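One letter stands for each residue in the lines below.
Protein chains: 2
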Amino acid sequence: MTQDTISLALAELRDLLGDRLSTGQSVREIHGRDEAYSTPALPDGVAFPESTAEVSAIMKICSAHKIPVVPFGIGTSLEGHVIPIHGGISIDTSRMNKVLEIHESDLDAVVQPGVTRTQLNDNLRATGLMFTVDPGADATLGGMASTRASGTNTVRYGTMRENVLALEVVLPDGRVINTGSRARKSSAGYDLTHLFVGSEGTLGIITELTVRLFGRPDTELSATCAFETIDDAVNTVIMAIQMGLPMARIELLDDVQMKGMNIFNPDLNLPEKPHLFLEFHGSEAGVKEQVDLFESVAEEFGVSGFGWATKLEDRERLWQARHNAYYAGKSLRKGCEGVVTDCCVPISALADCIARTKELIADSGLIAPIVGHVGDGNYHLLILIDPGNADEMARAKQLASDVNRAALSFGGTVTGEHGVGTGKKKYMAEEHGEAYQLMAQLKQSIDPLNIMNPGKLVSVN
Amino acid sequence: MTQDTISLALAELRDLLGDRLSTGQSVREIHGRDEAYSTPALPDGVAFPESTAEVSAIMKICSAHKIPVVPFGIGTSLEGHVIPIHGGISIDTSRMNKVLEIHESDLDAVVQPGVTRTQLNDNLRATGLMFTVDPGADATLGGMASTRASGTNTVRYGTMRENVLALEVVLPDGRVINTGSRARKSSAGYDLTHLFVGSEGTLGIITELTVRLFGRPDTELSATCAFETIDDAVNTVIMAIQMGLPMARIELLDDVQMKGMNIFNPDLNLPEKPHLFLEFHGSEAGVKEQVDLFESVAEEFGVSGFGWATKLEDRERLWQARHNAYYAGKSLRKGCEGVVTDCCVPISALADCIARTKELIADSGLIAPIVGHVGDGNYHLLILIDPGNADEMARAKQLASDVNRAALSFGGTVTGEHGVGTGKKKYMAEEHGEAYQLMAQLKQSIDPLNIMNPGKLVSVN
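Residue numbers (UniProt numbering), protein chains in the order written: chain A, 1 to 461; chain B, 1 to 461.
One or more of the hints may lead you astray.
[What the hints assert, rightly or not] Derived BS3-like pairs (lysine-lysine); straight-line CA-CA distance at most 30 Å:
no., chain 1, residue 1, chain 2, residue 2
1, B, K334, B, K273
2, B, K60, B, K98
3, A, K358, A, K259
4, A, K330, A, K425
5, A, K311, A, K330
6, A, K311, B, K288
7, B, K288, A, K288
8, B, K426, B, K358
9, B, K311, A, K288
[To be verified] Which chain B residues face chain A? A few, computed with CB under 7 Å, are given here:
no., residue
10, R148
11, L192
12, S283
13, G377
14, G416
15, Q441
Honestly, the hints are just simulated from the structure, not real lab data.
Treat the numbers as computed from the prediction; the structure is a model and nothing was measured.
All C-beta atoms, glycine included, are put in the ideal place defined by N, C-alpha and C.
One chain only, chain A, in its complex shape (with noise of 0.2 Å):
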C-alpha cells in the first residue's frame, strides 16, 4: 500500500461521502486506540456511512484499492481490535444507529450497528421487553455481536451468540447478504450468523442486526453476601449453577475488588471479603422460591449475611457499582494503569483455576482485582501498574499470559468475552490446534485479499 494507492482511495471515498470522510488527526486519533493498554495506530481516513449501500461503496473502493479496512462501534474493545495496525481507513458506525424494527409478539428488534445497548433498551422501555446482554461498557450492537461479547446476565439469556437472530452484512468485496430471518429456528443451510458473530470485523461488515429480546419478569430481585473464603463464594455458584437455579446474575468479587468497590463508591461500604452479587428474576412466588434455595446453598458454605435491594433505584446503584468495577479497581492504586484479561473455564474447574490464579498473582507482586462472571465459569483479572515502569508491565504481561495459560490447562478459553483482536493472538494456535489453521482458510476465503481489519484474530499470508 502505497501513499499514492492511499491518496487516490481518499479521493475516491471524498467524492463519496464528502464531510463525512475524515483526515483529521484528532478524528483519526480517536479512532486509534482502545480502552485497554494496546499501542496506538492511525488510520490514513475515517469514514462515517450513513446507510448499508455507502457501506458497500466504501469497501468496493477500499478492496479496488487493497487498502484495510477497520470498523469502529464506539471504542471500548480491550484486545486491540478497533486499531488499525496496517492503516487504512476506518469504518465508524456511529452515523448508523437508528433502531428500525421492534416485534413486540416476536420478540425481537431489528437494529443498525451503530445502535448501543442502553439506546436499545431506552427504545424498549413502552414496550416491557429488554436486550438483555451486557458487558460493563455502553457498547454499540455492531461491536458487541464481532466480539461476541456477553455480561453479567448472560447466565440466564445468553451471549451475542443466543442474542443475535440474523445479520446483514457487507462482504470485503462490497456484496451485501443477510444471514438469516427472523423465524426462531431455521435448517436451512450453513450457520452464517453465528460464522460472524465474533468475527472481529475481519470477515465483513455488520450493517444490520436482528436480536433477541425477553419480557421484563413481573419481579426482579438483587442483592449483595459475602463470604470468608473466595473458595467459599464460588463453590455457591458452582452448586447453585448445578441445582438448576435460574438465576439471572450471579457475579463474584474478591476480596481485593471489594476493597476498590468501598474507595470507588463510598455509599457501598460492603466488607472487604469476597462477595456475590445477585439477581434473581420471575414471578413473585418463583423469586421467593430461588432466594429461599440459594440461601440454603450460601448458608452451607458459610456466607455471612445478605443484603437486598428491591427498589429500582438500588438495584440500578448496585448494578452501575458493579460495571464500574473497572474504575474501582483501579482506584486501588493512584495513577495505575489496568492491563486487563479475561478467560472462562467449565464451571467444575472454577474453584481450582481461580486458586491458581490467586496464586499467580501473589507470585506477581502485582495487585490484580478479581470480578466474574462466574455463573458461566469466566472471570478477569484486572492488573495495576505504574505505566512508567517497564518491569512493572512485563510483569502484568507475564502474569495475564500465565493466568491465560492456567484457563487452557483447565480445558478452558482464553478469552470469555474479550475476544482476540490482536492481545490474545499469540494463544490461539495452543487453544485452537488445527482448526485455528481452518479458521485462516475461512478468513482466505471470504477476504482473499486480506482487506478486513487485517492482524486481528487469525494470520495468513
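Here the structure of chain A is known, so what remains is to put chain B in place on it, guided by the hints.
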C-alpha cells in the same frame, strides 16, 4: 470417477477396515435410502469405522482418489441427506456409539456420533440429568447435529444449535479438528462449532460431540386441550409465548391429524378438533403458576377442556403418540405414502401462514395433516399420496412447494428442522440470495475436491 478408481479405493479401504468395509448388495441398499420419499441411490461401499483415526484414514483414501463420502447415522433423514447420489463410500457411524464422558457438574456429555438420543438419555438415568433435543425418530446425535435437528421441547431448551457445545470433526483431507472447549462461552475466534452444525456432512464428518444437558425438573405435567378452530389454538400459543410462559412443550395437531391419532392410538380417543399437546416443567409451585396462566389464556380462545397427565407412564404414552404422528397421519389413507415438508415463520405470522396452508391443502384436493412445534413457529405437513399415482405425486410436490414459498413470503424459512439435503436445494437461492453464494464459497474452501456429501445443500462446480 472411474470403476478403476473405485476398485483401487475399495481395496485400500479393505486393507484398513477388513470386514468393516461392506460391498454387499443388501448393506448398500440400506445405505441408499432415507425415511422420506427420496429416490434411492447406492453407495459403492459402506465403511464401519470404530475410531476417529479410522475416519481420518478413510477420508485420506477417498480424497486421494476423489471418491464421494456420505456420512450415515441411522438413516432417518427426510430430505435425502444420506443418499449417495454420486455413489462413493457411505460412512456408517453405528460402531462409534459410545458415551465417552458425562460431566454432571458441568451439565454436559461427550459422545461419539453414533449414539442415539434415547441411548444418551438411558445413560443419564442415574444422574438426574437429561438431553432434551427430540426429533420424532431415535436419530443419532451426529445426524441430529448435521441437520440442526430440533423437536418438541425446543421452545424451552433449544435446538442442536444451542445444545452442541463443541465438536471433533474430520475434514475432507483427513485433518482432525476440535471446534471448541467445554467452557460455556468463548470469544476466542470463529465459531466453527456452528459452522458444522447444520452443514449436513458437506464440510466434514463429526466424530465426537460435546452436548449440553439439563437437570430434570422436580415436576413435569403434560396436558392435551382442544379448540374449535385452528386459529384459536394458534392464537393461544402466540399469546402464551408473548407472555413469556416457559413451557417445555407446546405442540399443535390439526383436526385432520387428530383423526389419524385416534385411528393409530385406539386408547387415545380424543375429540377430532385442533389440539395442543402441552408440557410444563418446574418446581411444584412453578408448574401450578404456569398452568393457571396458560388456562386463563386458553379460555380466552374458547378451549374446550383439558386432559391432564401427571404419571410418568401417562406422559410417556402421550409423547410417544405425538412422536408417532407420522405413522398416525399415514393411517388416514390405506396404502399411502407420505410426502413430508416443514417450514418455520416468525410467531406473529404463524396464524396467517397456517391459514394460507389450509387453503393450499384444500386447493390441492389431497389429505395433509398439520403437526407443529408451534412455540417456535415451526410446523410440518404430511401429504398423503398413492405412490403409484403420478398426478398425486406432482400435486403433492406442488403443494409442498407452495407451502414453503408461503413461509418465505411471511418472513420465514423453508425448513425449521428437517434440513436441505437434495429436497430443498431449489429454495436456497430464493431464501438466502447472495448469501447462498457465500455458502458455496465456504464449501469450496473446506472441500475443494467436492467429495463430502456432494450434491447436498449447496451446488459447486
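Hints, one by one, checked against the model:
no., hint, verdict
1, B/K334 <-> B/K273, "holds, 22 Å"
2, B/K60 <-> B/K98, "holds, 24 Å"
3, A/K358 <-> A/K259, "holds, 16 Å"
4, A/K330 <-> A/K425, "holds, 26 Å"
5, A/K311 <-> A/K330, "holds, 29 Å"
6, A/K311 <-> B/K288, "holds, 28 Å"
7, B/K288 <-> A/K288, "holds, 15 Å"
8, B/K426 <-> B/K358, "holds, 23 Å"
9, B/K311 <-> A/K288, "holds, 28 Å"
10, R148, "holds, 4 Å"
11, L192, "holds, 6 Å"
12, S283, "holds, 6 Å"
13, G377, "holds, 6 Å"
14, G416, "holds, 5 Å"
15, Q441, "holds, 6 Å"
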